[in-house]
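S.K.: The primary structure of each chain is shown beneath.
Protein chains: 2
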Amino acid sequence: MLVAPQLGENVGAAARAMLNGGLTDLRLVAPRPPWPNPRALAAASGADSVVEAARVFDRLEDAVADLRRLYASTARPRDLRKPVLTPREAVQQIREAAPDGAGCGVLFGPERTGLDSDQVALADAMLTVPLNPAYSSLNLGQAVMLIAYEWYQAGRDETAEPPSGLDSERHRRPTRAELHGLFRHLESELDAANFLWPPHTRANMVRNLRNFIARASPTEQEVRTLHGVVTALAGRKWRRGEGGE
Amino acid sequence: MLVAPQLGENVGAAARAMLNGGLTDLRLVAPRPPWPNPRALAAASGADSVVEAARVFDRLEDAVADLRRLYASTARPRDLRKPVLTPREAVQQIREAAPDGAGCGVLFGPERTGLDSDQVALADAMLTVPLNPAYSSLNLGQAVMLIAYEWYQAGRDETAEPPSGLDSERHRRPTRAELHGLFRHLESELDAANFLWPPHTRANMVRNLRNFIARASPTEQEVRTLHGVVTALAGRKWRRGEGGE
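Taken in sequence, the protein lines are chains W and C. Position one of the first sequence corresponds to residue 53 (the working numbering), numbered consecutively onward. Position one of the second sequence corresponds to residue 53 (the working numbering), numbered consecutively onward.
The set of hints was computed from the structure by calculation and includes no laboratory data. C-beta: ideal position from N, C-alpha, C; glycine also. Hints may contain errors.
Stated by the list, open to error - Here are a few chain C residues that sit away from chain W, every Cβ distance over 12 angstroms (derived from the structure):
(1) D114
(2) S188
(3) E202
(4) R208
(5) H223
(6) E241
(7) D243
(8) F247
(9) W249
(10) R254
(11) T271
(12) T283
Claimed, not checked - Covered stretches of chain W (chain C as the covering partner; in silico rule of three or more C-beta atoms under 8 angstroms from a C-beta of chain C):
(13) 66-76
(14) 152-166
(15) 202-208
What the hints assert, rightly or not - For the chain W half of the interface with chain C, some residues (derived, Cβ under 8 angstroms), not all of them:
(16) S188
(17) S189
(18) M197
(19) F235
Okay, chain W solo, but in the shape it has when bound (with noise of 0.2 angstroms):
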């Protein structure tokens, strides 16, 4: 999933890699205009169909409503406490949740700047490529060519694990839209108790609280009981100074 793609040929570019390694769900947040972009499909070379049926969302919210395992990748650390896993750990991980990696996905930042960090919250882990130090810079394509590459090589491993069951019915995951809706209830009810305050505060502290809940990865029914558990603290009209604090 690419974010905020500002050139087309790059578009092209990760079209043509993902095809590579057998991927075909291609998504693009607010893609920089135009869109249909004549220059992706020049660069996709082959790959048009993948280009050709790449879905186009405004929010990133939307662009990932429906997965449940979702992957950040970012060149530098970050500051938010969340895993970090390579490549091939990551395509590991995918594979032994969903065989074909239907539910599971990948967002790339922009050219320049790479996802923020409020991007990054949104996902389970992040995913960066491990790298000479000295010289680490990898255009959109490569990036997206070197997942796409270990995601063809871990189906290939036909001495693989057989898949874990940890996406099975007991531990599913929620999709990324319940997830959002536990993010949104969340804050809804503690702006409501002032607790996301001072305003010039509340970007900051909404970020480390979704990437906290991100990073633990709660199933389906966890997502329920956290949805219980604000519902009963705000019932019980939780006001800002009256916890521990």
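With the hints as your guide, set chain C onto chain W.
M.R.: Just chain C, lined up with the frame of chain W:
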């Protein structure tokens, strides 16, 4: 090592990819003029040092003369009987033989055509990236990227086996120059004996012979032995028609 690269941009992209993986010894065989190529430098952005330090050769044989292990990157299977390794397998083999990669090289062919069979025949093994069979086309920069990436990953693996000693004094590989010396010795004797005849079949016979020897990856000692064999046989004034056949 890039054989007859046509576009400066691709040389630059290959240099970047190499440096991403911590590799710097770029060699070019008969790059399309001009060289030095300003487009290569522009595309190298940050890896200019690799492009500037690239060594340029007219002939492939000279470019690989000092190497002891040589892999030929190929997109398609060839009719040559020769091991086909994945990048992961190849870098593991190299790391075991020479943890810093000294004396080992990978050949990449021209963008449109790839290496020809005569060039592949010079290598110890072929190297093919397993990718979606329905769409496996890679550009030169991406192909180099995947090898450089795997090279770097293999170096990170601290649980790697200690060097197996296969390239120890006793089993030392010949340099390619030594191997080519053997080829030439053998071929000149075969020419003298009218074995590589009729002329229109010569190229094919030479290729198959070279491929056979390279595939066997002889040690330095074995190369000396083979020279002895050729000399001994030639001294016997072996002539076409005299042998079994």
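S.K.: Decide, hint by hint, whether the structure agrees.
M.R.: Each hint, compared with the structure:
1. D114: holds (29 angstroms)
2. S188: Answer for S188 of chain C: violated, closest chain W Cβ roughly 6 angstroms.
3. E202: violated (9 angstroms)
4. R208: violated (6 angstroms)
5. H223: holds (30 angstroms)
6. E241: Fine: 45 angstroms to the nearest Cβ keeps E241 of chain C off the interface.
7. D243: holds (45 angstroms)
8. F247: Since the minimum Cβ distance to chain W is about 43 angstroms, F247 of chain C lies beyond 12 angstroms and the statement holds.
9. W249: holds (44 angstroms)
10. R254: holds (38 angstroms)
11. T271: Per Cβ check, T271 of chain C is outside 12 angstroms of chain W; nearest 32 angstroms; holds.
12. T283: holds (47 angstroms)
13. 66-76: holds (count 6)
14. 152-166: Violated: only 0 residues of the segment 152-166 of chain W have a Cβ under 8 angstroms from chain C.
15. 202-208: holds (count 3)
16. S188: holds (7 angstroms)
17. S189: holds (6 angstroms)
18. M197: At about 6 angstroms, which falls below the 8 angstroms cut-off, the nearest Cβ of chain C leaves the hint on M197 of chain W intact, so it holds.
19. F235: violated (35 angstroms)
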